[in-house]
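Listed in order, the protein sequences are those of chains A and B.
Under the working numbering, think of the first position of the first sequence as 2, with each following residue one higher.
Under the working numbering, think of the first position of the second sequence as 2, with each following residue one higher.
Hint data in this document are derived by calculation from the structure and do not stem from the laboratory.
Be careful, since some hints might not be right.
Only pairs whose alpha carbons sit at most 30 Å apart, straight line, appear in this in silico DSS-like list of lysine-lysine [unchecked claim]:
hint: 1; chain 1: B; residue 1: K4; chain 2: A; residue 2: K62
hint: 2; chain 1: A; residue 1: K101; chain 2: B; residue 2: K19
hint: 3; chain 1: A; residue 1: K50; chain 2: B; residue 2: K56
hint: 4; chain 1: A; residue 1: K69; chain 2: B; residue 2: K71
hint: 5; chain 1: B; residue 1: K72; chain 2: B; residue 2: K56
hint: 6; chain 1: B; residue 1: K19; chain 2: A; residue 2: K111
hint: 7; chain 1: B; residue 1: K4; chain 2: A; residue 2: K111
hint: 8; chain 1: B; residue 1: K19; chain 2: A; residue 2: K50
One-letter residues, chain by chain:
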Amino acid sequence: AQSVTQPDIHITVSEGASLELRCNYSYGATPYLFWYVQSPGQGLQLLLKYFSGDTLVQGIKGFEAEFKRSQSSFNLRKPSVHWSDAAEYFCAVGPSGTYKYIFGTGTRLKVLA
Amino acid sequence: DVKVTQSSRYLVKRTGEKVLLECVQDMDHENMFWYRQDPGLGLRLIYFSYDVKMKEKGDIPEGYSVSREKKERFSLILESASTNQTSMYLCASSQTVNTEAFFGQGTRLTVV
């Protein structure tokens, strides 16, 4: 079955530190991969997406993610976190051939001043 | 920019009431979705629509129905609200199957 796993429910980092949020997927075909960010009480905003080509993709707000097919991973990174990055982050896969996007359960990021 | 607008940010309804959540997108997208978001469970798909008057059940359709009479509008209906439907509801749209989804700001529904 198709699935997305975000193993870290909560992550706390200090402002200015680097960040990596993990995402693993299980998908039969070539995946379409996304990272979304959700600020409290808001909808989801697309950070970046991977469809094909270069496996390192750049997104908004200084985020990047790397697709590693051999590890079935699509981890999100940022070299220096800002206090405004505190939010919940969702990895998603699909909907190649179907209409369904499959979301992970999210990672809540806390940033210490 | 794509804009997906949900009619209410917050709603409080009584048990047994009929609830209508409306969603409008302004980019002529083919596909529209309703998700429910609960802590620790992520986003769960309730229903989606790939064309006007077309709909498909998602993973948790029980207790919900939908309507898509016009391409830009997708409504979620709770015929008889129950307390276990207290949740954040998110509407989304996408152009085709292989593109990203765009989300509305969400509706926080509380059923008392």
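Do the hints match the structure? See the list:
1. A distance of roughly 20 Å separates the Cα atoms of B:K4 and A:K62; the hinted pair therefore holds under the 30 Å criterion.
2. Distance check on the hinted pair: A:K101 and B:K19 sit about 27 Å apart at the alpha-carbon level, within 30 Å; holds.
3. For the suggested pair A:K50 and B:K56, the alpha carbons sit about 26 Å apart, so the restraint of at most 30 Å is met.
4. This hinted pair does not check out: A:K69 and B:K71 have alpha carbons roughly 41 Å apart, beyond 30 Å.
5. As the CA atoms of B:K72 and B:K56 are separated by approximately 12 Å, the hinted pair is consistent with the 30 Å bound.
6. A distance of roughly 38 Å separates the Cα atoms of B:K19 and A:K111; the hinted pair therefore is violated under the 30 Å criterion.
7. Note on B:K4 and A:K111: the hinted pairing holds, with a Cα-Cα distance of about 28 Å set against a maximum of 30 Å.
8. Distance restraint check for B:K19 and A:K50: the Cα-Cα separation of roughly 38 Å exceeds the 30 Å cut-off, and the hinted pair is therefore not satisfied.
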